[in-house]
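Residue numbers (my numbering), protein chains in the order written: chain W, 1 to 110; chain V, 1 to 116.
The set of hints was computed from the structure by calculation and includes no laboratory data. This structure is a prediction, so every number in the text was calculated from the model and none was measured. Take the hints with a grain of salt, since some may be wrong.
[What the hints assert, rightly or not] If we take Cβ atoms under 10 angstroms as the criterion, some of the chain W residues that face chain V in the derived model are:
| # | residue |
| --- | --- |
| 1 | Gln6 |
| 2 | Gly16 |
| 3 | Ser28 |
| 4 | Ala29 |
| 5 | Met34 |
| 6 | Gln38 |
| 7 | Phe61 |
| 8 | Phe75 |
| 9 | Leu106 |
| 10 | Pro110 |
[Stated by the list, open to error] As a list, the in silico EDC-like pairs of lysine to aspartate or glutamate whose alpha-carbon atoms are at most 20 angstroms apart:
| # | chain 1 | residue 1 | chain 2 | residue 2 |
| --- | --- | --- | --- | --- |
| 11 | W | Lys2 | V | Glu22 |
| 12 | V | Lys41 | W | Glu15 |
| 13 | W | Lys42 | V | Glu22 |
| 14 | W | Lys42 | V | Glu63 |
| 15 | V | Lys64 | V | Asp27 |
| 16 | V | Lys41 | W | Glu57 |
| 17 | V | Lys41 | W | Asp7 |
| 18 | W | Lys70 | W | Asp7 |
| 19 | V | Lys41 | W | Asp66 |
Glycine included, each C-beta is placed from N, C-alpha and C at the ideal position.
Each chain, letter by letter, is given below.
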Amino acid sequence: QKEVEQDPGPLSVPEGAIVSLNCTYSNSAFQYFMWYRQYSRKGPELLMYTYSSGNKEDGRFTAQVDKSSKYISLFIRDSQPSDSATYLCALTNTGNQFYFGTGTSLTVIP
Amino acid sequence: GAVVSQHPSWVICKSGTSVKIECRSLDFQATTMFWYRQFPKQSLMLMATSNEGSKATYEQGVEKDKFLINHASLTLSTLTVTSAHPEDSSFYICSGAFRTQGETQYFGPGTRLLVL
Numbered sequence: 001q002k003e004v005e006q007d008p009g010p011l012s013v014p015e016g017a018i019v020s021l022n023c024t025y026s027n028s029a030f031q032y033f034m035w036y037r038q039y040s041r042k043g044p045e046l047l048m049y050t051y052s053s054g055n056k057e058d059g060r061f062t063a064q065v066d067k068s069s070k071y072i073s074l075f076i077r078d079s080q081p082s083d084s085a086t087y088l089c090a091l092t093n094t095g096n097q098f099y100f101g102t103g104t105s106l107t108v109i110p
Numbered sequence: 001g002a003v004v005s006q007h008p009s010w011v012i013c014k015s016g017t018s019v020k021i022e023c024r025s026l027d028f029q030a031t032t033m034f035w036y037r038q039f040p041k042q043s044l045m046l047m048a049t050s051n052e053g054s055k056a057t058y059e060q061g062v063e064k065d066k067f068l069i070n071h072a073s074l075t076l077s078t079l080t081v082t083s084a085h086p087e088d089s090s091f092y093i094c095s096g097a098f099r100t101q102g103e104t105q106y107f108g109p110g111t112r113l114l115v116l
């Protein structure tokens, strides 16, 4: 079983839609959870960082962590064409070893 | 957020030559740096992890004599692709990790390598 599972998509939504991106994981020891956005031919950009369970909001982005279900989510409200990118979840326990999802490709259609 | 730079952003070289890629953390000290490789439309593939002042730890299947990593300081790591061949053509991305309230890593913009 993979440490982290992420639906690769692709996901296509109309502009203004609410987008839900998800990852599941198997190791209950993970404590730090991240979401990265990667545009084509660019390095990943850190979007959200969460420690332990709960929600975190930053503008149009909300990250949720449910440790009991081993499930993390990223919600994008009022999606924009500029949100079109690949979104990667990442998890770590110690900061020495990170586990990445395979990435979900998102296209927001104007 | 923390900034990581990479140089060069892209490079074309002849087969058999060596290429050095620099990764710098500009506004933080990276206790650990990672090097990744990414093929088109594929996810990140971790190549090696390095801590400042110690030898890099390579992932299984990555040739340490071919991909030389030096983490000389808390702000600089280099990846040298020795005797590059066309199959080494790829997108190489570094990242730096540091501990503030917790653990995260910040990525550089990537270096595109084309070996002819």
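Status of each hint after checking the structure:
1. Hint status for Gln6(W) relative to chain V: holds, with the closest Cβ pair at about 9 angstroms, below 10 angstroms.
2. Below 10 angstroms, beta-carbon pairs count as interface contacts, and Gly16(W) has none with chain V, the closest being about 27 angstroms; its hint is therefore violated.
3. Given the 10 angstroms rule on beta carbons, the hint for Ser28(W) is violated: about 17 angstroms separates it from the nearest Cβ of chain V.
4. For Ala29(W), the suggested interface contact is broken, since its CB lies about 13 angstroms from the closest CB of chain V, more than 10 angstroms.
5. Given hint, Met34(W) at the interface with chain V, holds; its Cβ is 6 angstroms from that chain's nearest Cβ, closer than 10 angstroms.
6. For Gln38(W), the interface hint holds, the least distance from its beta-carbon to any beta-carbon of chain V being 8 angstroms, beneath 10 angstroms.
7. Because the beta carbon of Phe61(W) sits about 14 angstroms from the nearest beta carbon in chain V, more than 10 angstroms, this interface hint is broken.
8. Because the smallest distance between the Cβ of Phe75(W) and any Cβ of chain V comes to about 20 angstroms, over 10 angstroms, the interface hint for this residue is violated.
9. Below 10 angstroms, beta-carbon pairs count as interface contacts, and Leu106(W) has none with chain V, the closest being about 14 angstroms; its hint is therefore violated.
10. For Pro110(W), the suggested interface contact is broken, since its CB lies about 23 angstroms from the closest CB of chain V, more than 10 angstroms.
11. Distance check on the hinted pair: Lys2(W) and Glu22(V) sit about 32 angstroms apart at the alpha-carbon level, beyond 20 angstroms; violated.
12. About 23 angstroms separates the Cα atoms of Lys41(V) and Glu15(W), which puts this hinted pair outside 20 angstroms; it is violated.
13. This hinted pair checks out: Lys42(W) and Glu22(V) have alpha carbons roughly 16 angstroms apart, not beyond 20 angstroms.
14. Between Lys42(W) and Glu63(V) the alpha-carbon distance is near 25 angstroms, which puts this suggested pair outside the 20 angstroms criterion.
15. For the hint pairing Lys64(V) with Asp27(V), the CA-to-CA distance comes to about 29 angstroms; that exceeds 20 angstroms, so the pair is violated.
16. Restraint check for Lys41(V) and Glu57(W): the C-alpha separation of about 29 angstroms exceeds 20 angstroms, so the hint is violated.
17. Only pairs whose Cα atoms come within 20 angstroms are accepted, and Lys41(V) paired with Asp7(W) is accepted, the gap being roughly 14 angstroms.
18. At roughly 15 angstroms between alpha-carbon atoms, Lys70(W) and Asp7(W) fall within 20 angstroms of each other, so this suggested pair holds.
19. In summary, the hint linking Lys41(V) to Asp66(W) is not supported, as the alpha carbons are separated by about 29 angstroms, beyond the 20 angstroms threshold.
In this structure, the hints that do not hold are numbers 2, 3, 4, 7, 8, 9, 10, 11, 12, 14, 15, 16 and 19, in rising order.
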